[in-house]
Amino acid sequence: MLRFEHVSLCRGERELLRHAEFAIAPGRVTAILGPNGAGKSSLLLAMAGLLPASGGHVLLQDRPVEELSRMEVAATIAWQGELPAAEFGLTVRQRLELAAGDGESLPRLQQAAARMEVGHLLDRDLARLSSGERQRVELAAIMLRDCPLWLLDEPTAHLDLKHQTLLLRMLRQEAAAGRAVVTVLHDLQQAMAVADEVILLDGKGGVETGEAGGLLTAERLSRLFQVELMSFAEGQLLLPDYRT
Amino acid sequence: MKRIIFLFVLLLPLHGLAAERILALSPHACEILYAIGAGSEAVGAVDYCDYPETAKRLPRVGTYDRIHAEAAMALHPTMAVALNDRTPGIAALRRLGVRIVISRPETVRGVFDDIERLGRLTGHAAAAAKLADSLRGRLKQLEADRPALPPKVFYELWPEPLMTLGGKGFMQDVLVEAGARNVFAGLPMENARVSIESVMRAQPSIIIVPAGTRDVEARRQFWRHWLGDGIRIVTVDPDLLQRPGPRLVDGIVQLRRAVAGAAK
Amino acid sequence: MTGMQRLLASLLLLAVIVYLSLAMGDVWMQPFAKLSDTDATILWDLRLPRLLTALAVGGMLALAGAWFQVLLGNPLAEPYVLGVAGSSAAGAVLALFLVPDSAWLMSAGAFAGAWLGIVVVMFFAPLGRGSLLLAGVVLAAFWSAVIALLMALLPSRSLVLAFGWMLGDLSRSPLPLWLLWLVWGGALAAGLWLSRSLDRLLLGEKHAAALGVNVPQLRQRLLWLASAVTAVAVTAAGTIGFVGLVVPHLMRLLFGSLHRPMLIASAIGGGALLMFADALSRTVAAPAELPVGVLTAMVGVPLFLWLLVRRDG
Chain S
-5 MLRFEHVSLC RGERELLRHA EFAIAPGRVT AILGPNGAGK SSLLLAMAGL LPASGGHVLL
55 QDRPVEELSR MEVAATIAWQ GELPAAEFGL TVRQRLELAA GDGESLPRLQ QAAARMEVGH
115 LLDRDLARLS SGERQRVELA AIMLRDCPLW LLDEPTAHLD LKHQTLLLRM LRQEAAAGRA
175 VVTVLHDLQQ AMAVADEVIL LDGKGGVETG EAGGLLTAER LSRLFQVELM SFAEGQLLLP
235 DYRT
Chain W
46 MKRIIFLFVL LLPLHGLAAE RILALSPHAC EILYAIGAGS EAVGAVDYCD YPETAKRLPR
106 VGTYDRIHAE AAMALHPTMA VALNDRTPGI AALRRLGVRI VISRPETVRG VFDDIERLGR
166 LTGHAAAAAK LADSLRGRLK QLEADRPALP PKVFYELWPE PLMTLGGKGF MQDVLVEAGA
226 RNVFAGLPME NARVSIESVM RAQPSIIIVP AGTRDVEARR QFWRHWLGDG IRIVTVDPDL
286 LQRPGPRLVD GIVQLRRAVA GAAK
Chain G
111 MTGMQRLLAS LLLLAVIVYL SLAMGDVWMQ PFAKLSDTDA TILWDLRLPR LLTALAVGGM
171 LALAGAWFQV LLGNPLAEPY VLGVAGSSAA GAVLALFLVP DSAWLMSAGA FAGAWLGIVV
231 VMFFAPLGRG SLLLAGVVLA AFWSAVIALL MALLPSRSLV LAFGWMLGDL SRSPLPLWLL
291 WLVWGGALAA GLWLSRSLDR LLLGEKHAAA LGVNVPQLRQ RLLWLASAVT AVAVTAAGTI
351 GFVGLVVPHL MRLLFGSLHR PMLIASAIGG GALLMFADAL SRTVAAPAEL PVGVLTAMVG
411 VPLFLWLLVR RDG
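Protein sequences, first through last, are from chains S, W and G. Heads up: the first sequence begins at -5 in our numbering, then just goes up one per residue. Heads up: the second sequence begins at 46 in our numbering, then just goes up one per residue. Heads up: the third sequence begins at 111 in our numbering, then just goes up one per residue.
These are calculated hints, taken from the structure and not from any lab test. Nothing here was measured: the structure is a model prediction, and the numbers come from that model. Don't be surprised by glycine CBs; every beta carbon is placed ideally from N, CA and C.
Heads up, incomplete: computed chain G residues facing chain W, CB under 10 Å, no partners named:
#	residue
1	P210
2	S281
3	R392
Distance windows between CB atoms, simulated:
#	chain 1	residue 1	chain 2	residue 2	range
4	S	M224	G	Q330	46 to 56 Å
5	G	P412	S	Q104	39 to 49 Å
6	S	A108	G	Y129	47 to 57 Å
7	S	D140	G	Y129	50 to 60 Å
8	S	F16	G	T112	50 to 60 Å
9	G	T112	S	R118	11 to 21 Å
10	G	W334	S	H0	32 to 42 Å
11	G	G295	W	D95	50 to 60 Å
12	G	W334	S	A171	37 to 47 Å
13	S	F16	G	Q115	53 to 63 Å
14	W	L120	G	W214	38 to 48 Å
15	S	E60	G	G238	12 to 22 Å
16	G	P412	S	A108	40 to 50 Å
17	S	F16	G	G295	47 to 57 Å
According to the in silico footprint, chain W covers these stretches of chain G (three or more CB under 8 Å from chain W):
#	segment
18	133 to 140
19	146 to 153
20	394 to 405
Work out the full structure, taking the sequences as your base and the hints as a guide.
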C-alpha cells in the first residue's frame, strides 16, 4: 500500500532518515519508536506527503506521493497529529463534520463520538474541553475517515488508562478488518501489545524495520533509548530501573 | 595675531548689535517685521515666509510648527517671533538665551496691537504705530459702510475632506469685518469638517474659495451641482486673508468687494 | 434562538439600520414621506450613495479581516496587518507630495501604493504563518516610516488632506459605486467558493492538508484575494480601522465559525456597522462631521465586549 524506496529525510541540516526501505501492508499495525527528536512525526508527515523527501521515493499504491493531488492522498490516508487550533471556536460536532466530509450520515458521526465517549460533548466548544477530551475528539475524527491507511502521531497522548486501552483495542480491531495502521508510540509495553511491525529510528539517520517480535528486545531498545532495560516475563515486559 | 583677528571677526556681528538679530518664525511675523522697517534685522525665517520678495532670501530654520534649533542658533539670533510657545524647538532657543516673543492674534484688531508690540520690542515703535494707525483707520472706514444684512457665505477651507471655519478664532472675525455671515458661525470650533448635506441645508448664497493650487472651475461645477446655478463662487488670496499680518486689511477689502459684487 | 430565527432577526436589524442611516443626519428625515426638492436631493443623491458605499466598503473590510485571521491563524489579524493600508497611505501621501491638492491623484496613489504593498508581501508568502505575520508587521512599520518621512517633507497646508485621507471618509469615493458592489459581491462569492477549505484551515495547516486541502495554493489565493479587496476598500474610503478586526469575531460569536454563514454575515454585518457608524458620524456633532473610524470603534467595541462577556461569563 505504502512503500519507501531509498528514502532520505532531512530537517534543516540534520538527516533524520537515510536510505530507508520498507513497506506498510494492509491489516497490520506498525509502531514507530525512537528517542525524542528522532523524526517520528516527520516520518509520518513524509508518509502523508506533507513533508518532501530529500531523496528516494514515497510510493502510495505504486505512485509517487508527490505526484498525487491532496484530494487523492486524503482519500487514502487519514492523519492524526497535534491537537488542532481552537482559537476560532469550532464545536465538537463541527470538527467531526470537517473530518467526515460532506454528506456523511449523522448516525455514523454519533457512533464514532460514542465510541470515543465524546457523544455528550457534541455541542461544546473545542476550546473549552480538557486535553484528554480533545484528544478523544481527534480519535473520533479519525474513525470517521474511512481510509485504507491511518497515520497516528501519539494517539495515546493526554488519555487516561481506560481510554488508552480502549484506543489500542480499537487499533487491533481496525487492523483485523483490513486497515493499515501506522502509529507513533512511546510506551514499549503498548508497542509490544499492539504492533505487528516496528520502525525504529535512532535520530542519526539509521532505520531498522521488521517484525515486532524480532526487534523489540531489551538489548536493542537499550541501545536505541540509551537507557538500561531489564527484561521480565520472558521478554514480554521491558522496564528501566527508575530507582538508581 | 591670526587668532585675534579671528576672534574679532567672530564678535563683529555682536558689535554692530545695537539692533537685534531676529528669527521670523511665522509668515505673518515675517511680513510685520519688514513692514515696520525691521526687515534688515531679520536673520532667519521658516517655510512660506515669502513676502516681501527679499524675505525669500532669508535662511530657513524650519516650519511654523517645528523649529530646527541648531540651524536657528547657527544664525546667532537674539530674538525669535513665534506662533506658539509649545512649538518644538522654541524651548531650546529660550534655554540658549534667545528672547521669545509670541505673536498669534485672535482678532483683526489684535493684529494691529501685535504690530505695535513688535515695533516696541524691536526698536521700531514709531513706524509700527504709524502703520497700525493707518490700518485701524482703513478698517474703521470699512466698518462704517458695512451692509445691514450681510450675505450668507460658506468658506471652503479644504475641498476634500470638506472643511470650513467654525465660529471660534481669527478667521471668523475676518469674515465679519469683510461683511459676510459665516453659515457655520454657530460651531464651537476653529475648523470643522462638514457634509455637503449640511451646506445645502445652511443655504449659503456665496461660496468663498481660497485660490491657490485648487482648481476653481472644478469647484464651481461642484457647487453648482449641489446648490444650483444661482450659487456664486468668490475667490480670495489666502495669503492676504488668512495671515494675521499687515496685508490683512487688503485681503478684507478684496473679500468685501467680491462678496458685495456677488450679492448684487 | 435557532439559526433561522437568528437570520430573520439579523435581516430585520439590517432593515432598521438602513432606515435609520437614511433618516439620520443634520436633520431627521422620513425617507418615505413627501420631500422638498432639496431634501429629496439630500436623501437620494447624498445619503443613499454614501450608505451604499459604506455597505460595500464595510463588507469588504470584514471579509478581508476574516480571511487574514484564518490565513495567519491569528485572531488579532485584520486587513491592514500585512501593511497594505500602510503602503496605500504612503502612495496617497506621495501623490500629495508630488502634486498638491489633487484628490484624484491621491486616490490613484493610494491604489498604486496598495498594490506595491501586496507585491512586496507576496514575496514573503512562502514563509510560515508566524514569519509571514512578523514580516507583515515589520513591513507595516516600514510603511509608517515612509509616511512619517513624507509628512515631514510635506508642506503644512497639505497635512490636513493627508490626515483626512488616513482617518477615512465615505463621502468621496473615487471609485464608482457599481464597481464597489461588484468587488464586494465577487469577494463574497469567492469566499463562499473557498469556504469548505477555509473551514478545514481553521484546524491548522497540517490538518487541512491531511483533509485534502492544497494549502500552499489556498494560502496564495487567500493572500491575493484579501489583499486585493483591502486595496479596493482603502482606495475607496481611506484607512477605516476596527471593522475588519472585530466584525469577523462578532459574526463568529453570533453564527459560529463555519465560513458559509460567517462570511455572509460578515459581508453584510461589516457593511451595516460601517453604514450606521457613518450615519452617526454626520449626526452627533451636526453640522460638523466626525471621522467615521472614531464611530465604528465607539459603536463596535461595547457591542463586541458585551457578546464576549455573555459567551464566557
